[in-house]
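In my numbering, the protein residues as written are 43 to 125.
Among the hints, a few may not be true.
FRET-style restraints, in silico, Cβ to Cβ [to be verified]:
no. : residue 1 : residue 2 : range
1   : 52        : 110       : 19 to 29 Å
2   : 68        : 110       : 32 to 42 Å
3   : 99        : 67        : 21 to 31 Å
4   : 112       : 60        : 26 to 36 Å
5   : 118       : 54        : 14 to 24 Å
6   : 123       : 90        : 27 to 37 Å
7   : 68        : 96        : 10 to 20 Å
Computed list of lysine-lysine pairs in DSSO-like fashion (alpha-carbon distance at most 27 Å, straight line) [said to hold, decoys possible]:
no. : residue 1 : residue 2
8   : 64        : 89
9   : 64        : 106
10  : 106       : 85
Since the hints were made in silico from the structure, they are not lab data. These numbers come from a predicted model, not from an experiment. Beta carbons are placed, not taken as given, at the ideal position from N, Cα and C, and that holds for glycine.
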Amino acid sequence: MVQQFANQGPQKTRQAVILFLKGSATPVVMYFENPQAIYAEFKQLMKSPTPVLVEKEPMGPIKKICFVSTQIAGLVLQEEPYV
Numbered sequence: 043m044v045q046q047f048a049n050q051g052p053q054k055t056r057q058a059v060i061l062f063l064k065g066s067a068t069p070v071v072m073y074f075e076n077p078q079a080i081y082a083e084f085k086q087l088m089k090s091p092t093p094v095l096v097e098k099e100p101m102g103p104i105k106k107i108c109f110v111s112t113q114i115a116g117l118v119l120q121e122e123p124y125v
């Protein structure tokens, strides 16, 4: 049965931006056309001492998100397989 899954060929992968916000118990997983650019933008916002209102429209289940940049607790760029 293990061989059945091993011979499927190359898997498609996609990248997700995972955002950890202060005061939120769960992370926010977002998909974008260019996740590396969004990740870099959020990293720059984390370094900025002045609060900035961020509004993004990701693809997938989350249609729109709005938060203040000072509420970012952590950020991850994750690559994951999908069908």
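Hints and how they fare:
no.: 1; hint: 52 - 110: 19 to 29 Å; result: 41 Å, violated
no.: 2; hint: 68 - 110: 32 to 42 Å; result: 18 Å, violated
no.: 3; hint: 99 - 67: 21 to 31 Å; result: 24 Å, holds
no.: 4; hint: 112 - 60: 26 to 36 Å; result: 18 Å, violated
no.: 5; hint: 118 - 54: 14 to 24 Å; result: 20 Å, holds
no.: 6; hint: 123 - 90: 27 to 37 Å; result: 34 Å, holds
no.: 7; hint: 68 - 96: 10 to 20 Å; result: 18 Å, holds
no.: 8; hint: 64 - 89; result: 15 Å, holds
no.: 9; hint: 64 - 106; result: 18 Å, holds
no.: 10; hint: 106 - 85; result: 19 Å, holds
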